[in-house]
Amino acid sequence: MQALTNRSKAVSRKPMSFMERLYLPSIVKGMAITFSHIFKKQPTIRYPEQTRQFSPVFRGLHVLNRDAEGRERCTACGLCAVACPAEAITMEAAERLPGEENLYREEKYAARYEINMLRCIFCGLCEEACPKDAIYLSETFAPSNFTRKGFIYGKKDLLIPDPATEPEAYAKARGGERTN
Amino acid sequence: MTLLTIDWLLFTEKLVLIAIIVFASLGIALYTTFAERKVAAILQDRPGPNRAGPFGLFQPFADGLKLIMKEEIIPNTANKGLFILGPGLAMTAALMTCAVIPWSSHVTLFNRNIDLQVADINIGILYVFGVVSMGVYGIMIGGWASNNKFSLMAALRGASQAISYELAMGLALIAVLMISGSLSLKTIVDQQMQPGRLWNIAYQPLGFLIFFICAMAECNRTPFDLPEAENELNFGYHQEYSSMKLGFYLFSEYVNMIMSSAVMACLFFGGFDIPFLDEKTLAPNLAAVLGVAALLTKIVIFIFVFMWIRWTIPRFRYDQLMNLGWKKLIPLALLNMLLTGAFILWKQG
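Protein chains in written order, with this note's numbering: chain A, 22 to 201; chain B, 38 to 386.
The reader is advised that the hints may include incorrect statements.
[To be verified] Derived DEER-like restraints, expressed as beta-carbon distance ranges:
| # | chain 1 | residue 1 | chain 2 | residue 2 | range |
| --- | --- | --- | --- | --- | --- |
| 1 | A | Ala-53 | B | Gly-90 | 47 to 57 angstroms |
| 2 | A | Ile-54 | B | Asn-159 | 39 to 49 angstroms |
| 3 | B | Ala-61 | A | Met-37 | 25 to 35 angstroms |
| 4 | A | Arg-169 | B | Ala-61 | 44 to 54 angstroms |
| 5 | A | Ile-48 | B | Leu-204 | 15 to 25 angstroms |
| 6 | A | Met-37 | B | Val-329 | 40 to 50 angstroms |
| 7 | A | Ile-48 | B | Glu-109 | 33 to 43 angstroms |
| 8 | B | Glu-109 | A | Met-37 | 29 to 39 angstroms |
| 9 | A | Arg-169 | B | Ser-279 | 23 to 33 angstroms |
[To be verified] As a list, the in silico DSS-like pairs of lysine-lysine whose alpha-carbon atoms are at most 30 angstroms apart:
| # | chain 1 | residue 1 | chain 2 | residue 2 |
| --- | --- | --- | --- | --- |
| 10 | A | Lys-62 | B | Lys-75 |
| 11 | A | Lys-35 | B | Lys-75 |
| 12 | A | Lys-50 | B | Lys-365 |
Rather than coming from a laboratory, the hints here were simulated on the basis of the structure. Ideal Cβ positions, reconstructed from N, Cα and C, are used throughout, including at glycine.
With the sequences and hints as input, model every part of the structure.
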């Protein structure tokens, strides 16, 4: 039969030589290999103290964005909820009242905005669907929790800090995110 | 008239010595479990346990506490008395060995010469062998009393392995005894300490190799850990054990390791002898302390080699184990014995 590739190797059926049957030289060789690993660098990242650098396209926890004046960008259009393949997003819209112009950018806003982090698959489709750049995925991932309820993130968990009043926290939450 | 006078000072002296040696061996065994994990980790490019205390140094205490706090389960179908006896026997047999090991020469305290050896009996090494083979009972009884197929199979394996390797071990030992002409461990060590005489390893390299392999098999260490082969026997002879009973089994394995390291150091590596140094030039107390340090260093090196081998070599198959023991090691040991005898006769002229 013709071989498909030239990479196949014939198995050696030769009986083992005396040195091979002695078994000790190969044990010594193996022990030399394990000993050399004492001096190898450990690839371990000691997690809580050290963290791994994520790539810029990492999709972590969601953040609800504000504009430069600190107004919420979300208009509760519901496109993210429609786009969501895991049906993790729920929202309730409300109308902006006179005098709330400094809080919400458009006439309509999300009174309630919840993401169930247990359902979410972190695909980032909500981010792509949003016409207002109101939601994006940050570089942190969902921390553990004791209850299922704890994984339903409301507006207060998701909203980015106000850049007008807390510029430092805002910058930290943005991280190395894209500018817009 | 006194028929029997008890030297109370000697009595207390020995009691204190026993207490120190037992607690020291337990302490070392405690940290050997930690060292095992650390060595495994370092050989596999991992950091190992490093959370409990600085560098994870309190890890053994955390492990011990965990084992004590766990629920104690005795299976319904187990033979209760024997089930409890098993781990106790394993531990006792492991600890009893340390009675005849000469930890160092003697110290002078309160105008008394105190030997740093619990009992210098003239059949010391035979005693070690006797006690070590008692350790098999711990495994056998534990495995049988569990009333579990896997435990029983593992216990049978452990027993047959121990018996097979004890033979080769004894034969390798006889060659050493032919050189030293004494069964007392103290005498064997003293002979190696004499100026102009090398350690026994120089006269008995093959004997040491056989003895070392057999010691590994006796301690149920990889590559001879067939009684605990997880992939074949789930967990081995201590499968049904939980809580501190399991801890005792695991612990006795480490104590065994320390004791066999100590015996090997005494038989082949000059015991508490410090190489290239004549102890007689030092003050006796200093020499004794340095001697303890030397013996401990040798033990630590042996333990490291045990672990190093464990994390290098995979487990033997059962037929390979028996082949090695009966068909390779015993003939080799016999040959070694013959050669040694012939050499001694030739030297005597």
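Against the structure, the hints come out as follows:
Distance hint check for Ala-53/A and Gly-90/B: the Cβ-Cβ separation is about 33 angstroms, which falls outside the suggested range of 47 to 57 angstroms. For the pair Ile-54/A and Asn-159/B, the beta carbons lie near 45 angstroms from each other, so the given range of 39 to 49 angstroms is met. Range check, Ala-61/B to Met-37/A: Cβ separation about 46 angstroms, and the 25 to 35 angstroms hint is violated. Evaluation of the 44 to 54 angstroms hint for Arg-169/A and Ala-61/B yields a pass: the beta carbon distance comes to about 52 angstroms.
At about 22 angstroms, the beta-carbon gap between Ile-48/A and Leu-204/B stays in the expected band of 15 to 25 angstroms. Hint check: Met-37/A to Val-329/B, Cβ distance near 46 angstroms, so the stated range 40 to 50 angstroms holds. For Ile-48/A paired with Glu-109/B, a C-beta distance near 40 angstroms keeps the hint of 33 to 43 angstroms intact. Checked against the hint of 29 to 39 angstroms, the pair Glu-109/B and Met-37/A fails, with Cβ atoms roughly 50 angstroms apart.
Range check, Arg-169/A to Ser-279/B: Cβ separation about 32 angstroms, and the 23 to 33 angstroms hint holds. Annotation: proposed proximity of Lys-62/A to Lys-75/B holds, straight-line Cα distance about 15 angstroms (limit 30 angstroms). Restraint check for Lys-35/A and Lys-75/B: not satisfied, since their Cα atoms lie roughly 40 angstroms apart, outside the 30 angstroms limit. For the suggested pair Lys-50/A and Lys-365/B, the alpha carbons sit about 21 angstroms apart, so the restraint of at most 30 angstroms is met.
In summary, the numbered hints that this structure violates are 1, 3, 8 and 11.
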